[in-house]
Amino acid sequence: MSNILKRGLNFSVSIVLLLLFWQIVVVVGQHPEHLMPSPARVALALKELFTDGRLFEHVLISLWRFFAGYFAACLLAAVLGTFLGWFKLTWKLIEPIVLLIKPISPIAWLPFIMLWFGIGDAPAIFTIALAAFFPMLLATVKSINSINESFIKVADNFGLTKFQTLFKIILPASFPLLVEGLHTALTSAWIFLVAGELMGTHSGLGFLINDARQNLRSDLIMAGIVLIGVMGYILDKILDYVERYVSQKWGV
Amino acid sequence: MIQVEGITQTFDINRKTFTALSDINFTVNKNELLCIVGPSGCGKTVLLDILAGFTKPTTGRVLIDGQEVSGPCSKRITIFQDYKLLPWRTVRKNIELGLEGKGLTRTAIDAIVDEQIESVGLAGFENYHPSEISGGMKQRVAIARALATKPDIIFMDEPFGALDSATKESMQLKLRYIFDTGKTIIFVTHDVDEAVFLADRILVMQPSPGRIHSIVRVNDPRPITKYTREFNALRDKVLVEMASVSTK
Ligand SMILES: Nc1ncnc2c1ncn2[C@@H]1O[C@H](COP(=O)(O)OP(=O)(O)OP(=O)(O)O)[C@@H](O)[C@H]1O
Ligand SMILES: [Mg+2]
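Going line by line, the protein sequences match chains A and B. Following the numbering used here, the numbering of the first sequence begins with 756 at its first residue and continues without gaps. Following the numbering used here, the numbering of the second sequence begins with 359 at its first residue and continues without gaps.
Derived by calculation from the structure, the hints in this document are not laboratory data. Hints are not guaranteed to be accurate.
[Said to hold, decoys possible] Once the Cα atoms are required to be at most 27 Å apart in a straight line, the calculated DSSO-like pairs of lysine-lysine come out as: (1) B/Lys374 x B/Lys433; (2) B/Lys414 x A/Lys843; (3) A/Lys1004 x B/Lys414; (4) B/Lys584 x B/Lys526; (5) B/Lys508 x A/Lys917; (6) B/Lys541 x A/Lys843; (7) B/Lys388 x A/Lys908; (8) A/Lys908 x B/Lys433; (9) B/Lys526 x A/Lys917; (10) B/Lys584 x A/Lys908; (11) B/Lys442 x B/Lys541; (12) A/Lys908 x B/Lys595; (13) B/Lys460 x A/Lys917; (14) B/Lys460 x A/Lys908; (15) A/Lys1004 x B/Lys541; (16) B/Lys526 x B/Lys451; (17) A/Lys857 x A/Lys917; (18) B/Lys526 x A/Lys908; (19) A/Lys857 x A/Lys847; (20) B/Lys508 x A/Lys908; (21) A/Lys908 x B/Lys496; (22) B/Lys584 x A/Lys1004.
[As the list claims (entries may be wrong)] Label-pair distances were calculated between CB atoms; the ranges are: (23) A/Glu998 x B/Asp472: 34 to 40 Å; (24) A/Asn903 x B/Asp472: 55 to 61 Å; (25) B/Ala601 x A/Gln1003: 44 to 50 Å; (26) B/Asn485 x A/Phe766: 32 to 38 Å; (27) B/Lys388 x A/Val853: 52 to 58 Å; (28) B/Arg464 x A/Val834: 53 to 59 Å.
Each residue gets a CB set at the ideal place from its N, CA and C atoms; glycine is no exception.
Isolated chain B (complex conformation) (with noise of 0.2 Å):
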């Protein structure tokens, strides 16, 4: 379980505070996908940053399982929109990056290597260089690699923002099948349809300064089938809630 208590970001910009991020709260629950949404600015990177241990809030902690997070771990992965994928690696190479100086065997580490590159579906590409595949390998690159260590729980920043639609769909199938095995996601994303299609809850952000608007509860049964009446009625909701951010 996370729980974020009391979360404050300011930045000095100028010689000026700006207050990044106001007061948040919220909990996730252990194996619940929540979705972050909001507008441009109002501190989605800043708040999963924070989670993930990359940077210090200027008030108030995160706690993971009672524990608080004083930096990044390799039980907690974060994957970024543009994959940073180390581009003098392979792709074999790159899954394999968490899993190097760890005192694995070799063959342990092929297994769980192979073992990924199968789920992923990226068997044949294992010797190509990041430069030479496609954005949506690249990002099933990002994915196994995170996976490769078996984190806890994986942090995503807008990840599917870059693919083409068809792309992103089959993405967003993985993403739940994933999820299936147990993982705690905390998704951000633009896109309303893709956080009501994947997430347990939508956490809405508005700016200035960053802060919880509200949460919706998506209490559909999983999978939930996209455009069915249910799925626009969510959808609908949400819309509403963030216009409702952007009109105050």
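Next comes chain A alone, as it looks inside the complex (with noise of 0.2 Å):
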């Protein structure tokens, strides 16, 4: 119990240091207004999405679109990954590739992405999964060749056929590296959220963001941010919360 009373002591301590900063920042500086907003007009900004009901709207449209592209990225990424790294020739002509087209940005895709897809949903979904796409095939097939070689040992022993040795142990064995992959997919795709909403969506929190800033509200630009901010914070907790459960669970 201390324990969580001191966490959440250190994160508002944080916090605290944080927007006096910021305060320090605006009053230091002198900016205009329109360049530099303070913490007290972004939280009325905030409270303004909140009381017409904007914010709930954009913030859902975007977890809407977030966890469509995620979880069809993750999901192809894991079976492709699971093939790839069970047929281990095969990763050695398709690494090459994958190695050259992970490093490219989603956002240089996106002149195309916004060509292929139109507007609406599926550009945006289209990013975000191309963002998650990468680090979850790299980790899944990473864990499936870093199985212990002991283990395939002892399904060879007790007379596991190849499929029964690839679901009891190969997957399960590589379990919580597929958990730190979906981590890792997680941080890169929500990074490229706002990226994918930009153009094409009237909706989503990289549309409030682009919307402020054509209607020169930077404080509403700044709520934009630190929504994007808290909410990543919060998914990121989430899956550290499940990783640590697993590797715990998994006890290696």
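Take the two lone chains and join them into the complex the hints point to.
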């Protein structure tokens, strides 16, 4: 209990420090309001978004797109990665291609994504999926490859078929690393949420920010940024918790 | 009966050929308990891996009841020093591993598992995970898991090496008891007392290259009592053999 209390205290102190720093920058810098809105202004903007219902609308639509893209990409990457990790020869052929495409930011693909998917949810979902896909794929292949040889020995000894070995030994053994992959993919995909919603949509946190920019509402821009940060933080914490739970349960 | 015929095992390390085992010949009778002792690196684990079918020897062959060994089989189970339990499965599910997907009914599997849990004294711990039980208990799970498939032969690679002496003692008794149910056991150990207590014969190996130094017969009537005059004499005999290995 005192542990939770301590962590809560830690967290509050960090937030207070951040707000303090922000306020100092605003006061000392004497920047025009539209370049650097004060914490109070942003709080008011958040309240405005909350009371007129836009906050939930944008957050919900963003979350929907995010999870659609993220889960689709992770599922595909996990299945494909299992296959590629299992058939090492195929992976040797595919790996250079993956390593070539992986470093390209989803933003670089945006023009094509817009052309291919038009407007609406699809381009945003695809951008998020693209950001999640490669980290998850690499994590899956790695986790399948790095399985302890002796577990395979045990499987062979007890007469498990190849198929049984995959489902009873290899996948469970690599589960903690798969969850780690899910975590990395989540972090990566969340970063590109805004990018995916910048164009072609009229909803979502990315749209909120872009729309506020066009209306010269810097307080709303910052409110959007705060929302993205807070939600990213919460999602990260949730996966942190899952990861810890899994590695504890798995005892590895 | 296990017949080991002219086994040689070499490994290519940095383009050099390293001979881990050279010209190994011996037989193990049905329902015999053979202990293998020898200094670290003399090839005990490599030999056990070949007997169990995990490794194909460079030359030579292993016959079990006249059949050449071509791979591992659930009639011959290896128990490893670090147990190799599946950490994500409970004790019960670990013991079940070799019984799943073999066409047994749920009730049949449960009956076998219950019997094994009872016999290794793990009742009450069925739903614990390996990370939640002691080393001695893990070892007993590994033994129960092996016995559940009703193997004829059990290979053990220093299975009690990591246990405290009291736990070790009770595991040795347990093993003798299991042995008396009609198993053939090949047991690698560093502990001479353990070898003398358990074995019908003790195979002493020597390194560089790994080969058989001598075979000591322990023809005392069983069960042998530790630290009696007969026991000490046998132990001294094995220690002399081992000393002559290390001074060579
Ligand atoms: N796969 C392998 N590739 C190359 N060398 C190997 C391999 N396996 C074993 N060796 C070598 O063979 C020799 C015998 O190894 P082994 O593990 O059988 O020794 P051991 O008698 O079991 O020793 P210990 O008592 O320490 O367990 C060692 O020198 C080891 O380095
Ligand atoms: Mg060894």
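These are the hints, each one checked on the structure:
{"no.": "1", "hint": "B/Lys374 x B/Lys433", "in the structure": "violated, 36 Å"}
{"no.": "2", "hint": "B/Lys414 x A/Lys843", "in the structure": "holds, 22 Å"}
{"no.": "3", "hint": "A/Lys1004 x B/Lys414", "in the structure": "violated, 36 Å"}
{"no.": "4", "hint": "B/Lys584 x B/Lys526", "in the structure": "holds, 13 Å"}
{"no.": "5", "hint": "B/Lys508 x A/Lys917", "in the structure": "holds, 22 Å"}
{"no.": "6", "hint": "B/Lys541 x A/Lys843", "in the structure": "violated, 39 Å"}
{"no.": "7", "hint": "B/Lys388 x A/Lys908", "in the structure": "holds, 25 Å"}
{"no.": "8", "hint": "A/Lys908 x B/Lys433", "in the structure": "holds, 14 Å"}
{"no.": "9", "hint": "B/Lys526 x A/Lys917", "in the structure": "violated, 36 Å"}
{"no.": "10", "hint": "B/Lys584 x A/Lys908", "in the structure": "violated, 35 Å"}
{"no.": "11", "hint": "B/Lys442 x B/Lys541", "in the structure": "holds, 22 Å"}
{"no.": "12", "hint": "A/Lys908 x B/Lys595", "in the structure": "violated, 36 Å"}
{"no.": "13", "hint": "B/Lys460 x A/Lys917", "in the structure": "holds, 14 Å"}
{"no.": "14", "hint": "B/Lys460 x A/Lys908", "in the structure": "holds, 18 Å"}
{"no.": "15", "hint": "A/Lys1004 x B/Lys541", "in the structure": "violated, 35 Å"}
{"no.": "16", "hint": "B/Lys526 x B/Lys451", "in the structure": "holds, 25 Å"}
{"no.": "17", "hint": "A/Lys857 x A/Lys917", "in the structure": "violated, 31 Å"}
{"no.": "18", "hint": "B/Lys526 x A/Lys908", "in the structure": "holds, 25 Å"}
{"no.": "19", "hint": "A/Lys857 x A/Lys847", "in the structure": "holds, 16 Å"}
{"no.": "20", "hint": "B/Lys508 x A/Lys908", "in the structure": "holds, 18 Å"}
{"no.": "21", "hint": "A/Lys908 x B/Lys496", "in the structure": "holds, 18 Å"}
{"no.": "22", "hint": "B/Lys584 x A/Lys1004", "in the structure": "violated, 41 Å"}
{"no.": "23", "hint": "A/Glu998 x B/Asp472: 34 to 40 Å", "in the structure": "holds, 35 Å"}
{"no.": "24", "hint": "A/Asn903 x B/Asp472: 55 to 61 Å", "in the structure": "violated, 29 Å"}
{"no.": "25", "hint": "B/Ala601 x A/Gln1003: 44 to 50 Å", "in the structure": "holds, 48 Å"}
{"no.": "26", "hint": "B/Asn485 x A/Phe766: 32 to 38 Å", "in the structure": "holds, 36 Å"}
{"no.": "27", "hint": "B/Lys388 x A/Val853: 52 to 58 Å", "in the structure": "holds, 54 Å"}
{"no.": "28", "hint": "B/Arg464 x A/Val834: 53 to 59 Å", "in the structure": "violated, 30 Å"}
Figure legend: structure checked against the earlier numbered hints; hints not met, in rising order: 1, 3, 6, 9, 10, 12, 15, 17, 22, 24, 28.
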